[in-house]
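Peer 1: Use the sequences and the hints to build the structure in full.
2 protein chains.
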Amino acid sequence: MAEQRSTAPLQNATLCQIGFVARDGARLAGKFARLTGLPVPEPVLTDGFEKAHTLHRGTPTPATAKLFFLNFGQVAIEIIEPVGAPSTWREFLDKHGDGVHHIAFTVGNADQSAATLAAEGVPVVQSGVFEGGKYIYLEGEKELSVLLELLEFTSP
Amino acid sequence: MAEQRSTAPLQNATLCQIGFVARDGARLAGKFARLTGLPVPEPVLTDGFEKAHTLHRGTPTPATAKLFFLNFGQVAIEIIEPVGAPSTWREFLDKHGDGVHHIAFTVGNADQSAATLAAEGVPVVQSGVFEGGKYIYLEGEKELSVLLELLEFTSP
Chain A
1 MAEQRSTAPL QNATLCQIGF VARDGARLAG KFARLTGLPV PEPVLTDGFE KAHTLHRGTP
61 TPATAKLFFL NFGQVAIEII EPVGAPSTWR EFLDKHGDGV HHIAFTVGNA DQSAATLAAE
121 GVPVVQSGVF EGGKYIYLEG EKELSVLLEL LEFTSP
Chain B
1 MAEQRSTAPL QNATLCQIGF VARDGARLAG KFARLTGLPV PEPVLTDGFE KAHTLHRGTP
61 TPATAKLFFL NFGQVAIEII EPVGAPSTWR EFLDKHGDGV HHIAFTVGNA DQSAATLAAE
121 GVPVVQSGVF EGGKYIYLEG EKELSVLLEL LEFTSP
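As they're listed, the protein sequences go chains A and B.
Going by our numbering, the residue at position 45 of the first sequence is 45; the numbering climbs one at a time, nothing skipped.
Going by our numbering, the residue at position 41 of the second sequence is 41; the numbering climbs one at a time, nothing skipped.
Please note: incorrect hints may appear among the correct ones.
No copy labels: a pair is met if it fits in one copy or bridges any two.
What the hints assert, rightly or not - Listed below are the simulated EDC-like cross-link pairs for lysine to aspartate or glutamate, each with C-alpha atoms no more than 20 Å apart in a straight line:
| # | residue 1 | residue 2 |
| --- | --- | --- |
| 1 | K142 | E131 |
| 2 | K31 | E141 |
| 3 | K134 | D47 |
| 4 | K95 | E141 |
| 5 | K66 | D24 |
| 6 | K31 | E143 |
Worth flagging that the hints you see were computed from the coordinates, not collected in a lab.
Being a predicted model, the structure only gives us computed values, none of them experimental.
Peer 2: What follows is the structure, given as structure tokens:
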């Protein structure tokens with residue numbers, strides 16, 4: 001038991017985001033802001049390939065996204081409006097329309113956790129870097145009925 | 001602005017749950033436990049109508065559910081396996097299969113928040129009581145692309 005706990009890929013991970021994909025991110029973000037009384041978030045545009053090194057299904061992609069964040073303490077609602085393609089965000093939107101795309105966990109070593117998750121039937125679908133960290137999306141739909149995101153923040 | 005914030009139905013609400021519906025709750029709960037290193041949760045069976053006073057679309061229903069909780073600090077993953085019908089859980093399962101059913105907020109006055117949300121296009125679909133509190137589900141799919149749950153806990 002102790003051994004299994006020590007090797008779990010999300011051991012001590014912090015559940016930090018519920019990620020929505022939306023065709024019109026500003027509309028959905030504005031609606032959540034109105035209902036919660038939180039400030040209407042400004043969009044953040046993700047970097048292009050030259051900075052983000054975005055890989056989708058193992059292949060470089062020029063896809064980006066507009067992100068909107070609403071913070072609720074430990075956990076944030078992230079709203080993602082896909083810009084360009086291909087990406088896991090665009091795939092989700094084409095298949096499902098607006099909805100909950102992923103839940104995100106902050107981990108100490110995203111690559112190591114992703115390798116263990118892949119061995120558990122939850123393979124990588126997209127990855128990239130951002131100012132201050134890196135992310136990996138995993139196709140958890142079959143095993144967990146939702147995608148996972150791993151977030152690894154570099155020390156400041 | 002100050003006035004709008006003071007009347008927002010989810011003003012100061014705590015985002016406390018991500019709720020999944022699953023055909024086999026024990027399987028999904030076991031998988032999350034294995035990947036996070038958390039204890040495998042025991043199922044909690046919700047009360048029948050005589051105690052829970054469950055209303056679905058305004059009508060009493062005998063539907064219940066098996067619940068499994070995995071706690072991540074402020075927020076829990078709740079996994080719901082519908083037992084009987086009709087319920088919002090069964091409707092979701094029939095329409096979508098396993099997946100994220102709702103996000104839940106703890107509020108001070110669930111009825112008051114629900115009335116305001118209904119006026120914002122997010123109507124009530126199901127409600128009930130449990131030992132220590134009450135819940136109300138709202139059909140947020142059109143406006144928010146997810147259902148909402150309001151949780152109101154009575155003081156101990």
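Peer 1: Work down the list of hints and note, for each, if the structure agrees.
Peer 2: The hints, checked one at a time:
1. Taking the shortest Cα distances, K142 and E131 never come within 20 Å of each other, neither inside one copy (31 Å) nor across copies (34 Å).
2. Taking the shortest Cα distances, K31 and E141 sit within 20 Å of each other only across copies (12 Å), while inside one copy they are farther apart (27 Å).
3. Proximity of K134 and D47 under a CA criterion of 20 Å is satisfied intra-copy only: 12 Å inside one chain copy versus 44 Å between copies.
4. Taking the closest pair of Cα atoms, K95 and E141 come within 20 Å of each other both inside a single copy (13 Å) and across two copies (16 Å).
5. For the identical chains of this complex, K66 and D24 are intra-copy neighbours only, at 10 Å inside a copy versus 36 Å across copies, given an alpha-carbon limit of 20 Å.
6. Taking the shortest Cα distances, K31 and E143 sit within 20 Å of each other only across copies (8 Å), while inside one copy they are farther apart (31 Å).
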